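**Student:** Whenever a hint applies, use it, and build me the whole structure from the sequences.
What follows is each chain in one-letter form.
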Amino acid sequence: MSTPNTPSNLKDKATRDSFGEVIKELGKEFPKIVVLDADLSCSTKSILFAKAFPDRFFQMGIAEANMVGTAAGLSFTGYIPFCCSFGAFVAGRYETIRVSVGYSKANVKIVGTHSGLGIGEDGYTQMGLEDINVMRGLPGMIILNPSDDATTRAAVRFAATHEGPVYLRLTRQKLPALHQETDFQMGRGMVLVEGKELALVGTGSTVTECLKASQSLTQFNPWVVDIHTIKPIDKALIKTLARNCKLIVSAEDHNIVGGLGTAIAEVLAEEGWSGKLVRLGVQDTYGESGLADELYEKYGFSAGKITKKVMSLLG
Amino acid sequence: MLDTKIAQRLPADKLKEIAKRCRIDILEMLEKAASGHPGGSLSCIDLIVALFFHEMKLDPKEPLWENRDRFILSKGHGVPSLYAVLAYLDIIPRSELATLRRINSRIQGHPDRVMLPIVEASTGSLGQGLSIAQGIALGLKLQKKESRVFCLMGDGETQEGQVWEAALSAPKYKLNNLVVFIDNNNGQIDGHVTEVMDLRPLTDKWRAFRWAVQEIDGHDFNQIIGALEKARLETEKPTLIVAKTVKGKGVSFMENAIGWHGVTPNKEQLQQALIEINGGLKS
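Quick note, the sequences are listed as chains D and U, same order. FYI, the numbering for the first sequence is 1 to 315, going by my numbering. FYI, the numbering for the second sequence is 1 to 283, going by my numbering.
These are computed hints drawn from the structure, not numbers from a lab. Given the structure is predicted, the values throughout are model-derived calculations rather than measurements. Be aware that a few hints might be false.
Claimed, not checked - Simulated pairs of lysine to any residue, SDA-like, Cα-Cα distance not exceeding 20 Å:
# : chain 1 : residue 1 : chain 2 : residue 2
1 : U       : K237      : D       : G61
2 : D       : K51       : U       : K172
3 : D       : K13       : D       : I47
**Tutor:** Written as structure tokens, this is what we have:
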């Protein structure tokens, strides 16, 4: 179990910023890393790598399918390509990812920033809200959705050293520090709080919401769990929760169809669990403009809304 | 016996002989498989034979030799042609051709680089091969390797938007180590390319995208060799060769017949086709 950091050392940082910093650091360590971007390098933060290693950065213009295919070709000559765009745009080039990366077992790392309602004002078209869903359908695709700076750093390092396709999902908005970098293990969820009969399970930006909600729900002794790896999902940890809990609440800044909640439901159903699972997240609708906080509230997965949901069921 | 680790540089008459043998293999494997694409395999076989037996640096004894030239068959449905060439080179056993499209075979209906790495790329979902070829060409340049990359697309395939994304980016990166053929047989599943979605003026489009463009008869080995020689001299631009071809080339009843895109010959039709190819009734 990893210990939540105390408020005094909280360091708010967008996971895209963490990515930009760590990919630049890894560029020194791994001469085979190359980075491609589709005219969003200032937003995905791949610009930091581009400035440090201009010969290993490829500006592909506003053409994501070609970027993904080119990355596959680069990987066939031994390079480790990271191709970057907003999650909505790059995951939208699904057919190219399906064949040129997935089926081809290409060693390509797809970086999708600006995940979820958390991007706020730009509205639905820029929000990665179905990216986890489509990526989950590809055999062999590892899906990482880290919740803070430390786990993002570890996730990028994992992606660089793992042979095979990885989808890395990042946020535009800042997130508080929750973990130590060394506690991250691909495919192993992280227990922030060990609890009793209630579990709050988040991924990426919603882990913080779950943690905040848990502080208003102390009477139920909730577990707080960070599932940063959506695929392969941590079956052992979910089974542990099933053995202990009567109610599991998942929260995700993503459509509940095909995301974290679905992945958990699959494990629970196959396990034959008798408890109740509540999937919070975008309830199979499109998103809209607004402030991130307002949207989390409206769509029902802010800390306050998580608390309210639990109270309505257990209170 | 073929030389290793160099381009074979076989002359046109020898290439013609090899292509004849490959056409027979293509038709026999398709008849046996009872599914597949004869028209587009026969239109591109001469181009692939010229690449493997004249132009490309390769080593049949060490197919994945790291300094080999690469060939990406972007029009993956033409793969019987590639399998026939690989069998001629003994890179795959000739006996394996009989397993085309059969369960547990590594010679899949469309190329699969995981099962059979020498095909270089898994293709068949049209429009993706050029981006992959470009990525390989970039990677080779980055490593300062001399190896070159050859890509073959169908003409109908270039209706895919991703092709034009790659058409834009390859000149930007000055990929003179990339040579692309368009198998311009003017046929696609639903009809003639000129009717389904006209690509004309095809060469003008690629010139406008800043490629070194040539147009040749894709069944004339002297013209194919000439075009490849010219491509070798490019110092900056990627090369695009529009090869005018005939769908079903070599078999009179298949030639230019759209119906033979995805229909295979029965035993009688195969015999008739082999007589034509062996007897040289069609040149």
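**Student:** Can you name, in rising order, the numbers of the hints this structure does not satisfy?
**Tutor:** none
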